[in-house]
Amino acid sequence: MTELLYGVAVAPFKDMVGSPAFFVEVLTGGVFAGLMYSLVALGFVLIFKASGVFNFAQGAMVLFAALTLVGLLERGVPVVAALLGTTAVMIALAWIIERLVLRPLVNQEHIILFMATIGLTFFLEGFGEMVWGANVKKLDIGIPDRSFIVAGVQINELELSAAVTAAILVAVLAVFFHRTRVGRALRAVADDHEAALSIGIPLKTIWMIVWSVAGIVAIVAGIMWGAKSGVQFSLSLVALKALPVLILGGFTSVPGAVVGGLIIGVGEKVGEVYWGPLVGGAIENWFAYVVALAFLLVRPQGLFGERIIERV
Amino acid sequence: MDRRGLVSVLLAAAIVGAPVAPALAAGEDFIPLLVYRTGPYAPSGIPIANGFVDYFALLNERDGGINGVKLAWEECETQYKTDLGVECYEKLKGKGAAGALVVNPYSTGITYQLIPKAAVDKVPILSMGYGMSASSDGRWFPWVFNFPTNYWSQASAVVRYIGHQEGGLDKLKGKKIVHIYHNSPYGKEANPTLDELSKKYQFELTLLAVDHPGQEQGATWLQVRRINPDWIFMSGWGVMNQVAVKEAASKGFKMDHFIGNWWSANDADVIPAGDGAKGYKGATFHAPGTKFRVHADIFKILYDKNKGAGRREAVGEALYNRGIVNAMYTAEAIRTAMGKFGNKPLTSEQMRWGLEHLDVTEQRLDQLGMKGFTHPIRVTCEDHEGSGPVLIQQWDGAKWEIVSDWMAPMRDVVRPKIEAAAVEEGKKLGYPMRDCSKEK
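If you read the sequences in order, they're chains H and L.
Taken in order, the first sequence gives residues 1 to 312; the numbers are from the working numbering.
Taken in order, the second sequence gives residues 313 to 752; the numbers are from the working numbering.
Looking at chain L on its own, in the form it has when it is part of the complex (with noise of 0.2 Å):
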């Protein structure tokens, strides 16, 4: 075969190999999934991908849909990158019959850049747990949520879990306090929190910036261990979650003194260190583990029958399970919005109703097969985070493990935050604020 013979045949067999978009059907609720499969941070984007695919998959082959209305989706890879996640939305956001229901960013960057779209295009944005915090009020940011809690909830929940393994709040005067972060507005995000939590509490502060991609923290450890903080929270992606842990045990700090948030305590970032990475600790706000009644179905469901999106062992990673959480979500809005405008597809205003009406009781959790998975949740006009609380799990060295109750976030410190930064925000884009009052 000469050289354009053999270009030929394998352009057509990648055309053939690539992977179909699933066929729209015009009864169907569509939702656009920005992924990142690949790229340097795919090790977190695969997870969250097949929690998100299996949930939907799972609705649709088990339950038929949500009452009786399938669930339809689109994967589109970002690599994480923002002006890919941008392409992404203004590609899918008109896909399906009446377009995207709602858009999960799955970066900070992206959310960023999107917010100021979502209130024209009226698609409304769930960015669980990350964006922008003063998103949180709804009142300035109907098209956004970012329920169940947000980075500023996160840390003075830490605050909080930290306080009580030292014995009270009261006695995290004089302690030593390290916030590592990601050099991007998503790590930045907690430091004010901290920064007032830090005066209130009397605790010394240390901020100590990691730029991307954090392969080198060489200079970040050498000020830890000059510092010689007592605890050390983390904001962290990618493989700056990774060599951190690394240093943290080779440098012989003390591990359960080591916290990461919610975006830097995944299966994959302790799985470098090893045995060093035993006792590391993460906030999340659901389970780790495969011990739910959800994941009996995932497995007998999809993977007995080779439906699964990923890997059977990695059902019940941190991030599959907080994929889950999020589909999960999306599922119920769809279902609290049908509750009020029929069971019927929906359009992404009627969306909009149903995740600013979400109430996912203990109740509901149990139907769910969720229960003790996540907390419940409610949301409202004012409030698009829901002040979930936070938990604590701990690395065994195999797998992740709860060690606390929840945490309650410090509402009386984040919640006047909010409201001022999302004053700020909104006026930046041009928003007027809503009256809640009027719309019960």
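Isolated chain H (complex conformation) (with noise of 0.2 Å):
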């Protein structure tokens, strides 16, 4: 019994304090991490935030981002020429869904809207496995894949030029939301369909914005994490790491899928190394939603999410 608390309550400490190094090392490693969750979480939060619908279907749509852009890719369209016809393929499935799934659903509960997203993600699974094959591809657009040592401290290419490109992501959506004319209307949508629609704000125009956006997320995080994993299947799994971090972060917070990502991250990877060894390791997937689980009992809307009150 001594023996257990010691290695729960002291060990582990007395580890980080022993390799400083390495637990800074530990850090960083959660921080690369739980910026690369955040991206996925994102998408997830940028749908949720102006239509009150879980997209299920998000990680399938960074598949069929990824999955896309490989494919012009491989068929020698040039970086750029891919990345813009990509988008202009999540543009069209966006409009789609909009005409095709949404639109015939406007009004049903939520729960009618987050069945049709599971529908989806069957779809585009399938779908993107017919067009473009289920092998796994390569994805390389020029990001570098090394790694190297600052301070003792191994960094890896990659996982930095993620953590960029979500700053660079978040702080592009910031604007959007907060200086546009369109990120202004989403953000009325998205606090009361009903007066939008009153001041004349079209609300299938801002649905088909608001998932053109969460589309160019989805290719995104296809980009990093098929640059990471290369591009298949499951990769529409990666949806998994994003449901703790929306969780901890809220559910319609972009910062919170940031700062969410950032807990879960750190969280993870410092008790996996830390604790795992104590019952056998691999508890890294379960380990983020015992901290979100945790986090829900104290603060159900998340860190950010917005509190709702209801009068029964």
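No wet-lab data here; the hints were simulated from the structure.
All residues carry an ideal CB built from backbone N, CA and C; glycine is no exception.
There's no promise every hint is true.
Stated by the list, open to error - Mimicking BS3-like on lysine-lysine, the simulated pairs with C-alpha atoms at most 27 Å apart in a straight line are:
1) L:Lys729 with L:Lys711
2) L:Lys434 with L:Lys656
3) L:Lys488 with L:Lys590
4) L:Lys485 with L:Lys500
5) L:Lys434 with L:Lys405
6) L:Lys429 with L:Lys617
7) L:Lys617 with L:Lys683
8) L:Lys566 with H:Lys138
9) L:Lys382 with L:Lys393
10) L:Lys488 with H:Lys14
11) L:Lys393 with H:Lys138
12) H:Lys138 with L:Lys711
13) L:Lys393 with L:Lys590
14) L:Lys566 with L:Lys500
15) L:Lys403 with L:Lys382
16) L:Lys750 with L:Lys711
17) H:Lys138 with L:Lys590
18) H:Lys138 with L:Lys563
Stated by the list, open to error - Computed from the model, here is a short list of chain H residues facing chain L with C-beta under 10 Å:
19) Glu125
20) Val150
21) Ala151
22) Ser198
23) Thr205
24) Lys228
25) Phe233
26) Lys241
27) Gly271
28) Glu272
29) Gly281
30) Ile283
31) Asn285
32) Pro300
33) Gln301
Dock chain one against chain two, each of which comes alone in its own frame, and use the hints as you go.
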């Protein structure tokens, strides 16, 4: 018993203090991983914020975007043209989703729209596989992937690039939401659909725009995750890594997606490295959910989410 | 066209376009194929399935089947999911004139579920190089075969190889070896053997589990960097392999000291890392590539006539060749059984006899156009594994090359463990122990 207590409450902290450079490396790895999760979580936040729909298909959109990009690259399309082509495909997809899925279901319960996005997930996975094939594909758009050492801490160039990209993306989205006319309209729709409609904001156009933006975010996430693991079906599973981030950060907050990602990323890395060996390891995946669930008990709306109070 | 009309047209198109199972004739040997051509593991499942189908198609096209009896098969999609695999088995076990001859589950999870059913349904299981290592003891598991070798033998052969590379097994003392494994029954299979060998040869073993699917392995590789191992052995699957190879390359680990097991060293596993994967090694029990006569026949008789199951350029990939080897063992077991029961469609019990008396010699491999492609194997009542040796292959940036001699498993370590585990597992299932001396 004493040994167990020592292993849980003393040894990990002694280890952190005893090897500070390694501890910093673990924290750095957690920050980078967290930002990768944030890239996926942002797509969920955008759609939920604008329409209240939990888009189960966000992971499949990441896969579909990456498959399209790598498919174009494999056919000899230059990188910039392939990126533009993929963006066009994702915008077209948003238009199709709005016309064929969302518009017929307007005014339906959110659970119906959620179910529709589950259907969309299977469609995108199957259609993507049918068009681009099931093989693992290398995604190379010139992002470096070597490691270098700074003050004894190993840093990976790909992870660093992903962190910078995530930071830029959040900044761009913040400007988009707060400084543009469309962004303000989008926030108005998010606050109150009916009030927004009454002052002439076109709901359907806003939905199309927000799904397009989520599609573009999916391209960025697809590039980063695809560069890490190759482009393949499992990319759609990265959505699972975004769920605890959303629970923690709140479903409606862009900064929340980033901060939530950082907490989850650092939490799971520290948990796995220092406490994982006590239980045979491989706690990284579920530890993130434990952190998120513990948080849920204290603050159900997440760190930055809107508190919902309804009269009954 | 209104929406209902459009839906009708699409449905009709889907029905017309759907793949149709080949019609079964009364005089054929039926083999169900549990495949995963879709889902996250499709990149591994597709080449295996294509290897199987091409070899069976080759036998039918070139030889008119086996001794005049054509082979029939039907694919059932499992997506590598255990529940779907069991459904597929139930669906296909009764098909064909005399039911399924043998089932190849192609998943350790599905194999574990089918083992209790096999003895009841009398359908032999061939889990070639996967599944339950304990089932290698045929005295306890008459209906299960896992030749040419199992995970425990593989682990011991890889340790032998590492010993050779270090200048002898005695040089392993003090070396640090990390086993990165898929956190599943499959991934954990090698752990007890490695643990025992670490004590015997006094190397420092660290076991690092990676949870499914293995897309994020940051913590694992932080620990690898801290341990700074001399060698890494990996039992991975699917995306876990690709991420691990890429992580090792990007973190600057010596790739020629990183060895995947035979499910972790496929063409798909090295593609995302590009040039970084150069030097990565993997265990195998057959050669890669297309330089064998059997491949020439496959090209000439199938692909030149547009009858191949997959892409021409995918013929010869590591997992495609594994499908060929598996199909060859199946075909040779049928041939063996026909030697005793006559050249006619077999029952599954006759097939079990054929599997248990399989003896693929060097000469037979030559006749099959597979000389040097894989190792001869002999299965017996007691030994359903065959204790086959293992090769080490290495990725040169474009293809796999064999870089070792056949590495023999450490039978003195592995076989007693198998026998002990077989007693335990066999008793759990309520099996009696067979007396093989009475069956000779």
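**Report entry** Hinted contact H:Pro300 with chain L - closest CB pair below 10 Å
**Finding:** With Cβ-Cβ at 26 Å, over 10 Å, it is violated.
**Report entry** Restraint check for L:Lys729 with L:Lys711, where alpha carbons must lie at most 27 Å apart
**Finding:** Given that 27 Å is the threshold and the Cα spacing comes to 36 Å, the pair is violated.
Query raised in the report: Between H:Lys138 and L:Lys590, is the straight-line Cα distance small enough, at 27 Å or below?
Result: 15 Å, holds
Query raised in the report: Against chain L, is H:Glu272 within 10 Å by beta-carbon distance?
Result: Check passed: Cβ of H:Glu272 comes within 4 Å of chain L, closer than 10 Å.
Query - 27 Å limit on alpha-carbon distance, applied to hinted pair L:Lys488 and H:Lys14 - result: 24 Å, holds
Requested in this report: Mind checking the alpha carbons of L:Lys566 and H:Lys138 for me, to see if they're no more than 27 Å apart?
Outcome: 21 Å, holds
Query - Proposed interface contact between H:Phe233 and chain L, which counts if any beta carbon pair is under 10 Å - result: H:Phe233 check passes; min Cβ-Cβ to chain L is 5 Å, inside 10 Å.
**Report entry** Hint check: 10 Å Cβ-Cβ cutoff, H:Asn285 to chain L
**Finding:** 4 Å, holds
Query raised in the report: Any CB of chain L closer than 10 Å to the CB of H:Ile283?
Result: Cβ of H:Ile283 sits 8 Å from chain L, so the hint holds.
Report task. Verify the proposed pairing of H:Lys138 with L:Lys711, using a straight-line Cα cut of 27 Å. Result -> 16 Å, holds
**Report entry** 27 Å limit on alpha-carbon distance, applied to hinted pair L:Lys485 and L:Lys500
**Finding:** 23 Å, holds
Query raised in the report: Does L:Lys429 pair with L:Lys617 here, judged by a C-alpha cut-off of 27 Å?
Result: 40 Å, violated
Of the numbered hints listed earlier, those contradicted by the structure are 1, 6, 9, 13, 16, 20, 21, 22, 23, 32, 33.
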